[in-house]
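Residue numbers (the numbering used here): 1 to 180.
Note that these hints are calculated values from the structure, not bench results. One or more hints might be untrue.
With a straight-line cut-off of 27 Å between C-alpha atoms, the simulated BS3-like cross-links for lysine-lysine are [what the hints assert, rightly or not]: (1) Lys151 / Lys138; (2) Lys112 / Lys98; (3) Lys151 / Lys171; (4) Lys130 / Lys99; (5) Lys138 / Lys171; (6) Lys130 / Lys151; (7) Lys75 / Lys87; (8) Lys98 / Lys87; (9) Lys81 / Lys54; (10) Lys98 / Lys83; (11) Lys112 / Lys99; (12) Lys99 / Lys87; (13) Lys171 / Lys132.
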Amino acid sequence: MILLTEGESMSRLFDLDWQLLADSCLMIIAIFFLFLILSYFLFNPARKMLNGRKEKIQNELEIARQAMENAQSLKAEYEAKLKEADKEAEGILSEARKKALASENAIVAQAKEEAARVLDRARVEAELEKQKMSDDVKREIIFVASLMAGKIVSASVDAEMQNQLIDDTLKEMGDKTWLN
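The task is simple: from the sequences and hints, build the whole structure.
Here is the structure:
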């Protein structure tokens, strides 16, 4: 307990007088205006900067999303063009194969025709050669027969008889003998 002496009066814990209240009110008003000034000069620019960054980031995200969509559509378009190019290349290769096959068939047919012409020409030449050889053999036989006949009958046969003997000999032999 607190004992009080006669000269001492009881003092308050807080001296709430009008001066303290006025100072407190002025301090509260000063702090409020300081808050308003700081808010205007410090907090608002910081908010504006943060809102600006937020909007910029949102715009960049939107641009990136649009760029991604464009890239995907271009990718799909290029893939379609690649498929079309593959189909076109396959068509060109198929057409080239068909042309090569047709060219091959034409070359084979031409070679067969040429071979047939060569064979026909060889047959004709062989036939001509055979005919020539047959004529040569006939001449040789005539010559040999006339020599033989000339020796045998040279003393007793005259020229008319000699010609008759040659003709008879040729008739007996005939054309079939020369062809063998």
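Status of each hint after checking the structure:
1. For the suggested pair lysine 151 and lysine 138, the alpha carbons sit about 20 Å apart, so the restraint of at most 27 Å is met.
2. Distance hint between lysine 112 and lysine 98 is fulfilled; the C-alpha atoms sit about 21 Å from each other, no more than 27 Å.
3. Under the criterion of a C-alpha separation no larger than 27 Å, the hint pairing lysine 151 with lysine 171 is consistent with the structure, at around 21 Å.
4. Using a Cα cut-off of 27 Å, the hinted pair lysine 130 and lysine 99 is violated, with the two alpha carbons roughly 46 Å apart.
5. For the suggested pair lysine 138 and lysine 171, the alpha carbons sit about 12 Å apart, so the restraint of at most 27 Å is met.
6. Proposed proximity of lysine 130 and lysine 151 is contradicted: the alpha carbons are some 31 Å apart, above 27 Å.
7. Of the pairs offered as hints, the one joining lysine 75 and lysine 87 holds, with about 18 Å between alpha carbons and a cut-off of 27 Å not exceeded.
8. With a C-alpha separation of about 16 Å, the suggested pairing of lysine 98 with lysine 87 holds against the 27 Å cut-off.
9. For the proposed pair lysine 81 and lysine 54, the alpha carbon gap of about 40 Å is over 27 Å, so the pair is violated.
10. Distance hint between lysine 98 and lysine 83 is fulfilled; the C-alpha atoms sit about 22 Å from each other, no more than 27 Å.
11. Distance check on the hinted pair: lysine 112 and lysine 99 sit about 20 Å apart at the alpha-carbon level, within 27 Å; holds.
12. The straight-line distance between the Cα atoms of lysine 99 and lysine 87 is roughly 18 Å, inside the 27 Å bound, and the hint therefore holds.
13. Restraint check for lysine 171 and lysine 132: the C-alpha separation of about 20 Å stays at or below 27 Å, so the hint holds.
Checked against the numbered hints given earlier, this structure breaks hints 4, 6, 9; the rest are met.
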